[in-house]
Amino acid sequence: MTVIALLALLLPLRRLTSHQSSPALPPPAQVSTVSRKLHLELTSTTVPFKFQVTHEGKPIWSGESTAITVATDTELRFPPEGIDLVLDVSWVQDKETAVRLALTPEDSDTIVKTVWGTTSASEVLTFTQGK
Amino acid sequence: MTIGRRLFMLLVCGLFFTLPASGANVLKVASFSTVLTEIAKQVGGNHVSVAGLVKPGQDPHEYQPTPDDLRQAADANLILLSGKHLEHYLDKVQQATGGKAQSLSVGDMLPNLKMKADPDEPQTKAAADRNGMIDDPHWWNSVANVEKATVIVRDELIKLDPADRADYESNAKAYLAKLGDLDQWAKRKVAELSRDKRKLVTSHDAFQYLAKDYGFRVYAIEGVSTETEPSDRHIAELIDEIKKEQVKAIFLENTLNPKVTVEITKETGAKIGGTLYADGLGEGDGSTYDGMVRHNITTIVDALK
Numbered sequence: 000m001t002v003i004a005l006l007a008l009l010l011p012l013r014r015l016t017s018h019q020s021s022p023a024l025p026p027p028a029q030v031s032t033v034s035r036k037l038h039l040e041l042t043s044t045t046v047p048f049k050f051q052v053t054h055e056g057k058p059i060w061s062g063e064s065t066a067i068t069v070a071t072d073t074e075l076r077f078p079p080e081g082i083d084l085v086l087d088v089s090w091v092q093d094k095e096t097a098v099r100l101a102l103t104p105e106d107s108d109t110i111v112k113t114v115w116g117t118t119s120a121s122e123v124l125t126f127t128q129g130k
Numbered sequence: 000m001t002i003g004r005r006l007f008m009l010l011v012c013g014l015f016f017t018l019p020a021s022g023a024n025v026l027k028v029a030s031f032s033t034v035l036t037e038i039a040k041q042v043g044g045n046h047v048s049v050a051g052l053v054k055p056g057q058d059p060h061e062y063q064p065t066p067d068d069l070r071q072a073a074d075a076n077l078i079l080l081s082g083k084h085l086e087h088y089l090d091k092v093q094q095a096t097g098g099k100a101q102s103l104s105v106g107d108m109l110p111n112l113k114m115k116a117d118p119d120e121p122q123t124k125a126a127a128d129r130n131g132m133i134d135d136p137h138w139w140n141s142v143a144n145v146e147k148a149t150v151i152v153r154d155e156l157i158k159l160d161p162a163d164r165a166d167y168e169s170n171a172k173a174y175l176a177k178l179g180d181l182d183q184w185a186k187r188k189v190a191e192l193s194r195d196k197r198k199l200v201t202s203h204d205a206f207q208y209l210a211k212d213y214g215f216r217v218y219a220i221e222g223v224s225t226e227t228e229p230s231d232r233h234i235a236e237l238i239d240e241i242k243k244e245q246v247k248a249i250f251l252e253n254t255l256n257p258k259v260t261v262e263i264t265k266e267t268g269a270k271i272g273g274t275l276y277a278d279g280l281g282e283g284d285g286s287t288y289d290g291m292v293r294h295n296i297t298t299i300v301d302a303l304k
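So the protein sequences, as listed, match chains Z and B.
Residue numbering for the first sequence follows numbering that gives the first Met the number 0, starting at 0 and increasing by one per position.
Residue numbering for the second sequence follows numbering that gives the first Met the number 0, starting at 0 and increasing by one per position.
Please keep in mind that the hints were generated in silico from the structure rather than gathered at the bench.
Note that the Cβ used here is the ideal one computed from N, Cα and C, for glycine as well.
Please note that the accuracy of each hint is not assured.
Result set (DSS-like, lysine-lysine): computed pairs, CA atoms no more than 25 Å apart in a straight line [to be verified]:
no.	chain 1	residue 1	chain 2	residue 2
1	B	188	Z	49
2	Z	57	B	188
3	B	186	Z	49
4	B	196	Z	36
5	B	247	Z	57
6	B	211	Z	112
7	B	304	Z	36
8	B	188	B	211
9	Z	57	B	172
Between beta-carbon pairs, the in silico distance windows are [as the list claims (entries may be wrong)]:
no.	chain 1	residue 1	chain 2	residue 2	range
10	Z	92	B	24	32 to 42 Å
11	B	287	Z	106	42 to 52 Å
12	B	124	Z	61	54 to 64 Å
13	Z	99	B	240	33 to 43 Å
14	B	45	Z	74	49 to 59 Å
15	B	240	Z	51	34 to 44 Å
16	B	118	Z	115	43 to 53 Å
17	B	118	Z	99	47 to 57 Å
18	B	176	Z	65	27 to 37 Å
19	Z	99	B	304	25 to 35 Å
20	B	70	Z	115	45 to 55 Å
21	B	262	Z	62	45 to 55 Å
22	B	216	Z	115	29 to 39 Å
Chain Z on its own, in the form it takes in the complex (with noise of 0.2 Å):
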């Protein structure tokens, strides 16, 4: 009975004890320092148009395209105060475009902006989740 007993309580106390062993959660400032995968989506209402995005002064995707979409995956650091992304991008027709770029982190809500250009557009575009 007493074998019983004490095997009972065994168990949580083991529970308790690989708890308290596990590695402790990094505080908040670690955190922003880790790279999150990012999924991007650029849509432009005119075609083609040649873009680029810029990350912290480094470009991130450019390219030209034909399709009204196009899309890639990254990863960047993503602190809780939010990214800055620089857009740029130029169009053949001389036309009122509105071009979108949605921002997808992995486990999180899509986060988009949109600007409009005529011949080209130029924006910086801030990115922060809850926003």
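Assemble the complex: chain Z is given as a structure, and chain B must be docked to it using the hints.
Below, chain B alone, put in the same frame as chain Z:
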């Protein structure tokens, strides 16, 4: 008439029509802000004569008008004031002018940020509201505010001299286009810096407007004005904050003594990121508004990267 005489007459006529409206037709503007001096010159062109009474590099918090400054203000058609309680000598200006000259407190017509008044400083304390808050006078550190100020100055010049409206409008349009380019450049330059590194430690609290525009958080060593020394308690709290936030660099200002800032770098391990133009135009890079903003933004971004 000989060819020589004809040429002489043509030259005289040409001079008559191309000379600026000098003499009696020129509007006299007296400016108590280095940034407003530039705006008035750019927008007014050859229709105005601008006396910049606060000189580039001079600390506007500590400036006191000389008798000659007051004479020039009294003689002006338009007095440009920075506003937001910066001109604590305003009564002297009003006394000297006898209320004859049109005075325009440009900053008072711009969006306002509030900040805590320094209780040890009588002038800011007197201007504080019941919650101890004061208007932040450093509106020129936002390019968007300078764009608005340009429109205000343009409209005032047109009111005083409606005959030259077209020139004021065209000059203002050209200057506003330059300011628009400057703002775009600043946004792109700041975007090089990760948003979690936008922590700006400066000698005094002069960059709230810039911080709001470009997503920085400001930690100031001194308060809104440069006239009082920071307390030991405030310095100790700031040192803790700099260490906690792992701020890489802190910045000096062109019109202030760097002693306390240098002491803080020794305590925190942060480096001196450079010298900023906080209180208006200065010498060198900061002798124009465009140069001042480019210098400040480049210095901040490159040091904090």
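We went through each hint and held it up to the structure:
1. B:188 x Z:49: 22 Å, holds
2. Z:57 x B:188: Holds: residue 57 of chain Z and residue 188 of chain B sit about 12 Å apart, inside 25 Å.
3. B:186 x Z:49: 22 Å, holds
4. B:196 x Z:36: Roughly 21 Å between the alpha carbons, so the hint for residue 196 of chain B and residue 36 of chain Z holds.
5. B:247 x Z:57: 21 Å, holds
6. B:211 x Z:112: 20 Å, holds
7. B:304 x Z:36: 23 Å, holds
8. B:188 x B:211: 16 Å, holds
9. Z:57 x B:172: 33 Å, violated
10. Z:92 x B:24: 32 to 42 Å: With Cβ atoms ~49 Å apart, the hint is violated.
11. B:287 x Z:106: 42 to 52 Å: 49 Å, holds
12. B:124 x Z:61: 54 to 64 Å: Given range 54 to 64 Å: holds, Cβ gap about 55 Å.
13. Z:99 x B:240: 33 to 43 Å: 39 Å, holds
14. B:45 x Z:74: 49 to 59 Å: 57 Å, holds
15. B:240 x Z:51: 34 to 44 Å: 37 Å, holds
16. B:118 x Z:115: 43 to 53 Å: 49 Å, holds
17. B:118 x Z:99: 47 to 57 Å: 50 Å, holds
18. B:176 x Z:65: 27 to 37 Å: The hinted range 27 to 37 Å holds for residue 176 of chain B and residue 65 of chain Z, with Cβ atoms some 34 Å apart.
19. Z:99 x B:304: 25 to 35 Å: 30 Å, holds
20. B:70 x Z:115: 45 to 55 Å: 53 Å, holds
21. B:262 x Z:62: 45 to 55 Å: This hint holds: roughly 51 Å between Cβ atoms.
22. B:216 x Z:115: 29 to 39 Å: About 31 Å separates the Cβ atoms of residue 216 of chain B and residue 115 of chain Z, which means 29 to 39 Å holds.
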